[in-house]
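A.B. asks: In case you want the letters, here they are:
2 protein chains.
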Amino acid sequence: MKVGFLSPRGTFTEQATRILADGNELIPYQNFLEELKAIEKGEIDEAVVPIENSIEGVVNATVDSLAFDVDLYIQELLIMPIEQCLIAKKGTEIKDIKKVLSHPHAIPQCKNFLNQNLPNVELETTPSTAGAIKMVSESELKIAGIGAKCAASLYGLEVLCENIQDTNNNFTEFVRISKNKNQTFDNGNIITICFSTLDEPGALLKLLDIFSIYDINMSKIFSRPMRNKPLEYIFFIDLEVKNNKEDILQAIKLLERKTAFCKNLGCYPILDKRLKK
Amino acid sequence: MKVGFLSPRGTFTEQATRILADGNELIPYQNFLEELKAIEKGEIDEAVVPIENSIEGVVNATVDSLAFDVDLYIQELLIMPIEQCLIAKKGTEIKDIKKVLSHPHAIPQCKNFLNQNLPNVELETTPSTAGAIKMVSESELKIAGIGAKCAASLYGLEVLCENIQDTNNNFTEFVRISKNKNQTFDNGNIITICFSTLDEPGALLKLLDIFSIYDINMSKIFSRPMRNKPLEYIFFIDLEVKNNKEDILQAIKLLERKTAFCKNLGCYPILDKRLKK
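Protein sequences, first through last, are from chains A and B.
In this text, residue positions in the first sequence follow this note's numbering: the first is 1, and each later residue adds one.
In this text, residue positions in the second sequence follow this note's numbering: the first is 278, and each later residue adds one.
Excised from the complex, chain A in its bound form (with noise of 0.2 Å):
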């Protein structure tokens, strides 16, 4: 199989990917709807692309995208860590560190680790981490950069240490996506759906009473604009799957009745990686 995933390389994004897809065939893309557009066109069996992070919220170009560009479907959702690691060229002890380079998110994220472990160094911010991490591969100096990991072993350099992180808040959602529709709620733990509401006083409310009255936990609500529709919105919800497939799909068969636009996104399983932390 072919998967989809964004270009550069030796980002969270690819590392997300090794984990999603292992084993299959990765191919870069620079530009994010190409990447979807590929899977329509048959280019790609699937995608790997981030849906949400745990500080910066919804990525709305996924969330845009899937709701109006494509007709695709999510598969599978991964929880990543960030676990940023300190990254030189091989044979660098942490001693000889003389400047620290990476994304000006990452360097405030391993504050504690640098105030112990490198007081002195130099802080340079880059664009991304995997660009940092190229830089310190390009570098004669003695630099180290914080990233990916899979950024080292891409750029042949060496993990100095893992997890420098200052908390384990920061973690970021990927979903792997298909043409596949799985309607059947067989695999999944959860059902993304996005709806319109009418513009009237309580539509959300009747809406979601849905989803009340046949006993379905919503885990997750959330709004965008409706495209070309100023001040109109369209909600993203997560529903959670149990022994109730029956009374989800008459839920849904209510929500599409009573809405002008309901696209269902999927039904599928989480990989949460942070249990193993």
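Be aware that one or more of the hints could be misleading.
[As the list claims (entries may be wrong)] Derived pair list, reagent style BS3-like, types lysine-lysine, alpha-carbon separation capped at 25 Å:
hint : chain 1 : residue 1 : chain 2 : residue 2
1    : B       : K506      : A       : K273
2    : B       : K535      : B       : K279
3    : B       : K483      : A       : K253
4    : A       : K111      : B       : K314
5    : B       : K314      : B       : K367
6    : B       : K279      : A       : K258
7    : B       : K522      : B       : K535
8    : B       : K458      : B       : K535
9    : B       : K540      : A       : K220
10   : A       : K242      : B       : K458
Honestly, the hints are just simulated from the structure, not real lab data.
Let chain A serve as the given structure and place chain B on it in line with the hints.
C.D. replies: Same frame as chain A, now just chain B:
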């Protein structure tokens, strides 16, 4: 009065600030949180910040800061259409223009105008519309920029054509904020409240029912990650204020009783500049 806004100058944010704080002294800030903190410190009286765009959605930095970083309140909301202008040095004629500069989002917004009036010009992207107009002012060549009207006067340039965007679907909501709590609900059409929910089935629905019971219309709802609490969310809702002040007060009291975190971000009027078009 002193009113803060986010630099650089010559952007749609400056234009919005000139509408919302006409006649006051405008103070540019490089950093968004610094701007808000300046109100708390008393350096400025008010600040204007973008809170939502009709295409891009909610401005996360703004809503997160209002929820978690500062004790400031919304005084007024401006809905401002993003009206792109073709700007060049005085005396330039459209037929002489060889190149057009602008932000990567602004150029496709004006595709029809460019195809009809400047079919063969070179198009070049810049990091911001204000940056494009600045480059036009510094260039010796026959070039034009696409950007906000206020950028033309800032750099002593001429607006060759106004409202050159293809559709009027693109507008941004800006809020004027200050320390003033305004809890009497006298001047407002809208109240914005943010709150957390308990992590149990139907928790959100139970809270929204409060407003339904009091016949209070909710015109907007969106969620953001709770800071430092992975996979927990806070919700922001907008409530319509009509002749129902007492009901709203009672509903908010009930909401506060049933939530661990609940913050009233202000009751404020809406200035809708789209109506004038």
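A.B. asks: Could you work out which of the previously given hints the structure breaks and list their numbers from low to high?
C.D. replies: Hint check: 2, 5, 6, 10 fail, others pass.
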